[in-house]
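*Asks:* What follows is each chain in one-letter form.
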Amino acid sequence: MPFIPHTEEETRLMLEAIGVRHIDELFDEIPADLINEKLDYVPPALDEAGIRRLSRKSADADGHYINFIGAGAYEHHIPAAVWQIATRGEFYSAYTPYQAEASQGTLQLLYEYQSMMASLTGMDVSNASLYEGASALAEAVLMAVRAQRRKQRILMPVSIHPAYRETTETIVKNQGISLSNIDYASESGTIDMSQLSDELGDDVAALVIPQPNYFGALEEVDALVDLAHKRGCLVIAVVNPLSLAILKAPGEWGENGADIVIGEGQSLGIPLSSGGPYFGFMCCTQKLVRQMPGRLIGRTVDADGKQGFTLTLQAREQHIRRSKATSNICTNQGLMVTAATLYMSLMGPAGMAQAAKLSHANTRMLVEKLTAIEGVEVAFNSPVFHECVLRINTDVDDLIRAITAQGIIAGKPLESDYEELKNCLLVCATELRTEAEMDDYALHLERIVSKR
Amino acid sequence: MPFIPHTEEETRLMLEAIGVRHIDELFDEIPADLINEKLDYVPPALDEAGIRRLSRKSADADGHYINFIGAGAYEHHIPAAVWQIATRGEFYSAYTPYQAEASQGTLQLLYEYQSMMASLTGMDVSNASLYEGASALAEAVLMAVRAQRRKQRILMPVSIHPAYRETTETIVKNQGISLSNIDYASESGTIDMSQLSDELGDDVAALVIPQPNYFGALEEVDALVDLAHKRGCLVIAVVNPLSLAILKAPGEWGENGADIVIGEGQSLGIPLSSGGPYFGFMCCTQKLVRQMPGRLIGRTVDADGKQGFTLTLQAREQHIRRSKATSNICTNQGLMVTAATLYMSLMGPAGMAQAAKLSHANTRMLVEKLTAIEGVEVAFNSPVFHECVLRINTDVDDLIRAITAQGIIAGKPLESDYEELKNCLLVCATELRTEAEMDDYALHLERIVSKR
Amino acid sequence: MTELIFEQSTAGRINNAQFLAGTPAIDDIPESLLRKKRPGLPEVSEMQAVRHYTRLSQLNFSIDTQFYPLGSCTMKHNPRICNEAAMYDGFSGRHPSAPDSTGQGVLSCLYDLQEILKDISGMSEVSLAPMAGAQGEFTGIAMIRAYHEARNDDAREEILVPDAAHGTNPATAVMCGYKVREIPTLDNGDVDIDALREAIGPQTAGLMLTNPSTLGVFETQITEIAELVHGAGGLLYYDGANMNAILGKVKPGEMGFDVIHLNLHKTFSTPHGGGGPGAGPVGVNERLVPFLPVPKIVESSGEYTLLDKKDCPQSIGRLSCFMGNTGILLRAWVYARLLGHDGMKRVADYATLNANYMKAKLEQAGFEMAYKTRRATHEFILTLKKEKAETGVTAMDFAKRLLDKGYHAPTTYFPLLVPECFLIEPTESESLEELDGFIKAMEEIQQEAIEQTEMVKSAPHSLPVRRLDDVRAARQLDVVWQEEQT
Amino acid sequence: MTELIFEQSTAGRINNAQFLAGTPAIDDIPESLLRKKRPGLPEVSEMQAVRHYTRLSQLNFSIDTQFYPLGSCTMKHNPRICNEAAMYDGFSGRHPSAPDSTGQGVLSCLYDLQEILKDISGMSEVSLAPMAGAQGEFTGIAMIRAYHEARNDDAREEILVPDAAHGTNPATAVMCGYKVREIPTLDNGDVDIDALREAIGPQTAGLMLTNPSTLGVFETQITEIAELVHGAGGLLYYDGANMNAILGKVKPGEMGFDVIHLNLHKTFSTPHGGGGPGAGPVGVNERLVPFLPVPKIVESSGEYTLLDKKDCPQSIGRLSCFMGNTGILLRAWVYARLLGHDGMKRVADYATLNANYMKAKLEQAGFEMAYKTRRATHEFILTLKKEKAETGVTAMDFAKRLLDKGYHAPTTYFPLLVPECFLIEPTESESLEELDGFIKAMEEIQQEAIEQTEMVKSAPHSLPVRRLDDVRAARQLDVVWQEEQT
Ligand SMILES: Cc1ncc(COP(=O)(O)O)c(C=O)c1O
Ligand SMILES: Cc1ncc(COP(=O)(O)O)c(C=O)c1O
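Going line by line, the protein sequences match chains A, B, C and D. When the letters of the first sequence are read in order and numbered with the numbering used here, they come out as residues -7 to 444. When the letters of the second sequence are read in order and numbered with the numbering used here, they come out as residues -7 to 444. When the letters of the third sequence are read in order and numbered with the numbering used here, they come out as residues 16 to 501. When the letters of the fourth sequence are read in order and numbered with the numbering used here, they come out as residues 16 to 501.
A portion of the hints provided could be inaccurate.
Claimed, not checked - In the DSBU-like style, the derived pairs of lysine-lysine whose C-alpha atoms are separated by at most 30 Å in a straight line are:
no. : chain 1 : residue 1 : chain 2 : residue 2
1   : C       : Lys360    : A       : Lys49
2   : C       : Lys360    : A       : Lys165
3   : B       : Lys361    : B       : Lys316
4   : C       : Lys360    : A       : Lys279
5   : B       : Lys143    : D       : Lys194
6   : D       : Lys324    : A       : Lys298
7   : B       : Lys414    : D       : Lys324
8   : A       : Lys49     : C       : Lys133
9   : C       : Lys324    : A       : Lys165
10  : D       : Lys194    : D       : Lys324
Honestly, the hints are just simulated from the structure, not real lab data.
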């Protein structure tokens, strides 16, 4: 029996020890009419060779496209050591480190992870992960509202990833929190300062600032933070952690820095995998630590005074605090954080900065090559980080179909989320894209645009 | 610097501690005219992303063919756990277990491996590996000659894998050992008994018996062993270990069994990898153990009387016995044996027997499908195990080319090694071949043969 | 103790194999937006990193190295093929926003998983979007809310939760804007149905129930409870964390549940990874279908598509930026296909056999069961209150001493109802030898508690650290390494 | 102590995921050729196997977990990308007898490696066929023999080998049908050239030399030695196991060697795997080219082909059934391309820096160097004869005590010339911190040897077993588990 070691003889012995004749008897407390062993859909078992054949076939079907989408998930180099070590059984198959003494490996790693994230974001503390970026924003919003008491309004720039807004909406709407849009200025693609200033009323718990924003554009973070703080409102920064190898840390934005920093951790060594598992990170100021959701690992000492690590401030969590917990989160994204910690250690600050810079330079090169084509232009005039919106004078959906057929994923079309950005495409070329691949893309694009 | 952790500052400190100014000074005992740092061919360093791109490209170029060759290396199912565990750093990056106390993992595993192989072959002892099958045969020949003193002749059936004969020739010829051919009977494809009987003189140290032989044909092992033993000659069995899950163990051939058993271990969980690394195994009777080449692990006790494992009978080996060693072998194939041990544990006797049976049944099905084609027939009339020679009335080299172009590797052509087997093809369908793949092969073959 | 990675760092050390070639310019980014000071990440060689984290890993207990009978967590074998398959390039390399046409392989697997989960749960539709059990709960309760709201049934502001429930249940209800009312448990582990009857009313939005419950028993009055809740206009939520006990034998949909979640990282054997990721798909019956979260995977003549909010206007919306924990879903799919039709029921059979065997043997050894009169499901609870009273040795002490003996401890002090409790869940993949070894260890500790009380109370003695000071950890909060500390 | 896998076995247990579906018949095989009794292989579940071997692995020291300064073994970092690349399907799945046209990818990598090795060794051609250092030696000496035979120079029946040589050298010479004559070593570690002059003559087929030698010094008279050997009509063999010391700085071909082998599992960082596999390519100068083993990889207008004996009639022949340890060669190729042009020399530089630093520091700490007046190459020898005389603590005791402190021991008692010797090779990939840690441990043991002699003599104390009884292992030979023993 797959994954069941019992021989018939052993089963017999065990039933005897229990004092029943047949396994079915063990289910005799279940009302008989509820027992239903009929499965209409589930197919017969495959052996390992069979499932390998089937899954390889499915995976191969999705093939190997040259990818020019970023839009919240990035195809970066991942050192081979990251996953060879993260999938070691001792990391892979352990539970949440409830028995600290038997989980020092995971716990020390998580403590190191927290330290790395705090340093990267310039914040005082970090938790041990949330599900992913978008739901991390929802948690940050709930946290800001808890910290700000009666204030129930959050300012959300339209220039944030649309799925982040949607997710946040789903998660916070039942608690009476309202999310107000802040438009972007149509030339710059960044937050419209005057609308923002108007909206920043007494009832606002927090302003969300994406950096770079969904369009790749860089926001004026110093001014934004100072303005928000002046109006008594917290700042939630939404950042790409790899970008922080070269961009200013949210802890240093403006005079006092952001209050809560969240983001998608995927750029730190996590494969794209059609969308997950990734991980969300959250850092904040010391002041807010008791409002944080999620696990937190602390360093302490053992009975001999020796250093050791343990889950701490558990009184914030559902398993202790139940209905008064800071969140319902329990299982989070431990293995992903293990990989990210390995990634950051293997890349180091220099390697990460280089990856960020190369991605930026590659995107710039791509944009140059594409905008050299007549009918293709940059949509916004702000400086960007490693991602850019292009406006193309042809039907973008047709274009994407045609280029996909050439084995290239052209970019993310924006129109379905932004009516006004008709035929706009968000493109990104990470450090893994070669010039030859960009030329190939440009060639196909030119052919299509000129055919129009 | 790749894989060198030194910062400039550290290098400076270290040079200072040594008392030199520059690393070059450390090479000052080397005659100056010998220093030559010019490398004309070696290209500049690639980073990990670069080498990954390059090697993936090369690997992809070799693509995914449907393989119907066996001929000494077999495409069997390998449980996913085998290599995920064998490549754990503690196995992968350890040296030969010279410091036994710090290598109990490898040592116990090797002891278990030896036990498994001894049981599979029905012999008393097993060593901890040789390089691969063909050179293992050479070592067995040398061992037999050592054990038999003045006898310097070995009988080698022509029905053995030709590369085994070639390799043995290379390795033993300089020690004055002669290898005499024993023909195969042309109908059966197995050892010609009457020629054998004639050749079995006083000067013969050993008879080599392949089971199954290169043609997949099953030899009359009981009769062969008894005949050889009657003439005072040792028997070296050459077997496929996976076949022993269902075929008679060499230790039980004839009245007294084979004396030395060797073979290629690849069928036990090792990927094809264009030819290596595989591993050779060697088992023998207790009587011959001190003549064995290679590492041997023994169980013993520690200072507290607790069970432990260590290298033993090292006095046979080159690092102790130098010019009087049983072989020059030092580094062997530890990691492959680690994988094979995992393979045997994960498959168990039932799983291995099933894999052997399925391979056999698949080959039979393949042979039926192919011989249903006019102009294709079985070359020999012996019973076979999971491999079979077909005679085809068309040019086999052309045929192979044509079928390769369809993504199918048709089989191993025999003519270059056996003049008399013109247009003969050795085919094998392991448990991984599906009926659909066989049908595909038959379809293409039929088209080609009928076009002729 | 292993040095922190930061303590092995040297300024200026670069791991060149990972420093990708090129001389990229970033002069188009304004100075004011650039980082001035390098982040304090470790600067170590590849070998240092590999060695450090390989060593750290060895400090963990895990399924791959120890028996891990952590109740409510279903620590069964994690087949290695599941990991292999999820890591295939074609799966792991695909961008989530690439056109659906480039993801027919992965979508077909996910769709197949959806159908399998429908079949075993007896629900009308399943969504794979939730990323863990707790998010599955959120999704379910949010759908219940959306359902009532869609019917303008606005007065329902309470969710009922048994007092034995997992902490995520009440926490979830609150996240969905509900008040929580706890329902007491009877001495036999069943819900106090009279108390339930009293608590229920027009203010009741729904009841969250785990069955088998976290007390390790099957709620026998489930049909009655379902009638009660439905009768009052509420909906019934199934916390499927314990599905391993009834997989292939009982379908939650047929017990009367309107919405359920499953923990694939429990029942479907995806790795726990030291704390995730998981996957918490939800299943619903017809009335909740319109409210399922997006993206939704649908199939039409062999083609798979992801639907979003525009296609599903009543949907509660999105739960994440993309499509949940896809790679975990793939692992669960591989596992499900390896089990197959017959394998599902066998899981429940042998998980239950193992639990009842351990219960019988431990009872025989003199341990007291919290619910003596009941069958164990896939797990059971023993209470060490007698041992504590007699020797002062607590459940915590027993747990720590078990670690010394090479066994991970069961879940301790949960559920909160049972004093000094051990919630023991062996799972079906453990062998008789392993169970007997654990039972023997328990008996030894029982003896040690009497004869070597202090030794047991100060356990563990053979682990990388001795008992840790949790109070200090919370009081003198040190959650981020600071350079100055070394 | 961990139970043997056999002791966890239960008759009839089947791991079904690996029991492939089907009901195959084998009724066409005669009964007399079939096995009657099942082999005594373990019958365990997948979880048991995974757990057992994962646990066993943890009992090992390895590069990935410890500093491993085993002299002559070059225990440097094994980059993980090398393993990844060699395991790509396209590489790992190809049958060795498939047409060359289906292997142009792998052959192009191997050919590139061949060219790289030619470049760094200064030889005319390279063969990748030998599967380890010892087989490389065999290949080289067999070629020397073939060379003399081809010239009908038949009286040459002796191979000269310095007494400090690795055991494989004399063993190899004998396998090639030669007699071995040992050449003594001078006090400074160089070959005794006068003794060599006397030994050499018309009976000399060749001299095998390791340079830097196994004594950790560079043979300064190498040019003179080469002239001597060549003058007598012999050939010069280079044992390249220590190539790490001079990689990118000195080319063996330019030192006058006619044939060399390299240990890719040392200098090119392929894994040692607990005892292999390795790869021992040979390089030759023009006169030995015709004798190179087959298969030979050749290139012609971008197409790669394997040549066999028919194409190379003077070849000594085949060394294995297929093409050597291809997967190991691929790993070495990946490593070589990661190092690149500049990286080669840096390996020698920093390996030498690390060795000389340790030598200086240990000398300072009062340890005696075997070759005080000499530079260390990538390794060096210290002798503990003084410590032994004063306290009775031997090199073996020091070695075992080092294990307690988390360091693998250096090579002990080899070369045989130096009493109580430690051959220490740190490699370039170790950091200063790690070296200092080891030095500190040595100093501590020095103290302990005086103050706690017995404790040191009975080390190790913190490993899975204490010191093992090797004598018993050989006398009461137990190399195969027997059911009865349990
Ligand atoms: C009964 C029960 N419900 C819910 C959960 C929460 O699931 P998750 O940890 O995946 O969020 C758990 C997990 O511990 C559980 O045991
Ligand atoms: C100097 C020397 N020569 C030859 C060898 C033999 O190499 P291998 O173990 O690869 O056969 C070694 C390996 O230990 C060695 O150190």
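*Asks:* A separate judgement is required for each hint: does it hold in the structure or not?
*Replies:* Outcome of the hint check:
Note on lysine 360 of chain C and lysine 49 of chain A: the hinted pairing holds, with a Cα-Cα distance of about 28 Å set against a maximum of 30 Å. For the suggested pair lysine 360 of chain C and lysine 165 of chain A, the alpha carbons sit about 40 Å apart, so the restraint of at most 30 Å is broken. A distance of roughly 55 Å separates the Cα atoms of lysine 361 of chain B and lysine 316 of chain B; the hinted pair therefore is violated under the 30 Å criterion. Distance check on the hinted pair: lysine 360 of chain C and lysine 279 of chain A sit about 51 Å apart at the alpha-carbon level, beyond 30 Å; violated.
Distance check on the hinted pair: lysine 143 of chain B and lysine 194 of chain D sit about 20 Å apart at the alpha-carbon level, within 30 Å; holds. Restraint check for lysine 324 of chain D and lysine 298 of chain A: the C-alpha separation of about 66 Å exceeds 30 Å, so the hint is violated. At most 30 Å may separate the alpha-carbon atoms for a hinted pair to count; lysine 414 of chain B and lysine 324 of chain D meet this at roughly 20 Å. Of the supplied pair hints, the one linking lysine 49 of chain A and lysine 133 of chain C holds, its CA atoms being roughly 24 Å apart against a limit of 30 Å.
Restraint check for lysine 324 of chain C and lysine 165 of chain A: the C-alpha separation of about 16 Å stays at or below 30 Å, so the hint holds. The suggested pairing of lysine 194 of chain D with lysine 324 of chain D holds, with an alpha-carbon distance near 28 Å, which does not exceed 30 Å.
Figure legend: structure checked against the earlier numbered hints; hints not met, in rising order: 2, 3, 4, 6.
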